[in-house]
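Please work from the sequences and hints to get the whole structure.
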Amino acid sequence: MVHWTDEERQAITSIWAEVNVEEAGHQALTRVLVVYPWTQRYFSTFGNVSNATAIAGNHMVRAHGKRVVVALGDAIKNLDNVKATYAKLSELHSEKLHVDPENFKLLGETLIISLAAQFGAAFTPDIQAAWQKLMAVVTAALSKQYY
Amino acid sequence: MSLTATDKAHVKAIWSKAGGKAEEIGAEALGRMLEVFPQTKTYFSHYADLSVKSTQVRTHGKKIIDAITSAVNHIDEITGTLSSLSTLHANTLRVDPANFKLLSHTILVVLALYFPADFTPEVHLAVDKFLARVSHVLTDKYR
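Note that the protein sequences, when read in sequence, are chains A and B.
To convert, note that position 66 of the first sequence is 66 in full-length UniProt numbering; the numbers rise steadily by one, no gaps.
To convert, note that position 43 of the second sequence is 43 in full-length UniProt numbering; the numbers rise steadily by one, no gaps.
Fair warning: there could be bad hints in the mix.
[Claimed, not checked] Heads up, simulated BS3-like pairs for lysine-lysine below, C-alpha to C-alpha not over 25 angstroms straight-line:
id : chain 1 : residue 1 : chain 2 : residue 2
1  : A       : Lys96     : A       : Lys66
2  : B       : Lys12     : A       : Lys133
3  : B       : Lys53     : A       : Lys133
4  : A       : Lys105    : B       : Lys41
5  : A       : Lys133    : B       : Lys101
Calculated directly from the structure, the hints in this document are not laboratory data.
What follows is the structure, encoded as structure tokens:
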């Protein structure tokens with residue numbers, strides 16, 4: 001079980017209260033597809049995702065980014081049991097979506113960067129550290145059902 | 001993953017803003033790396049204060065950003081420009097190669113923080129590639 005300090009919980013929930021879920025998701029997923037273009041392999045049914053402009057304007061990318069960040073909310077509501085919360089999602093990513101778990105790390109990184117862009121100096125080193133820990137916990141949980 | 005002409009232009013453009021805040025950006029990037037990835041503190045056991053505000057962290061952070069600035073200014077000859085730093089890292093500092101990705105990540109975070117409008121996905125891509133190139137050069141003589 002993951003141990004969270006009160007400060008870490010506070011860092012996570014205070015930022016989460018202010019996050020624009022759709023925008024953060026859009027930013028994070030857009031950056032994954034642009035910065036690590038090989039990830040476009042998972043989105044062949046999304047239409048045009050071949051260049052930055054197309055990606056940024058793609059409605060399916062926007063919708064999917066939002067979906068991912070909404071799901072992050074489940075982890076945040078269940079910080080003491082992220083593994084159980086994400087068991088089905090992990091199985092889905094492994095068995096149906098066949099997503100290389102490395103991609104969870106990439107999205108975690110671009111989400112952190114998107115939060116830094118939204119919050120600026122308010123995204124202090126302490127707060128960043130708490131969120132990086134959250135991303136690591138989420139990555140581990142989503143990777144758990146792979147075999 | 002070599003740098004295209006567009007990548008180079010993006011890097012130079014964002015760095016023209018970042019280079020002028022070398023100490024702040026360096027302190028933030030280094031300080032955040034030390035806090036977010038505590039295993040990196042092992043390289044700084046001789047520092048009294050490892051926070052972003054620490055004088056030692058600020059000085060060292062500036063040094064790092066200034067070195068990157070020289071690589072930006074000689075973006076077509078990064079290997080030559082960073083040659084002595086590369087030797088230093090290989091023979092003296094011997095920072096584990098895994099750590100270059102960690103500092104590169106916090107540099108990206110700090111650029112997004114300071115320049116949200118300029119740090120577009122395309123610029124992010126270019127800087128990520130550039131920092132990977134710099135990291136490669138700095139670890140090139142390790143073995």
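Inset, instruction - Sort out which numbered hints this structure fails and list those numbers smallest first. - result: Going through the list in order, the structure violates hint 2 alone and respects the others.
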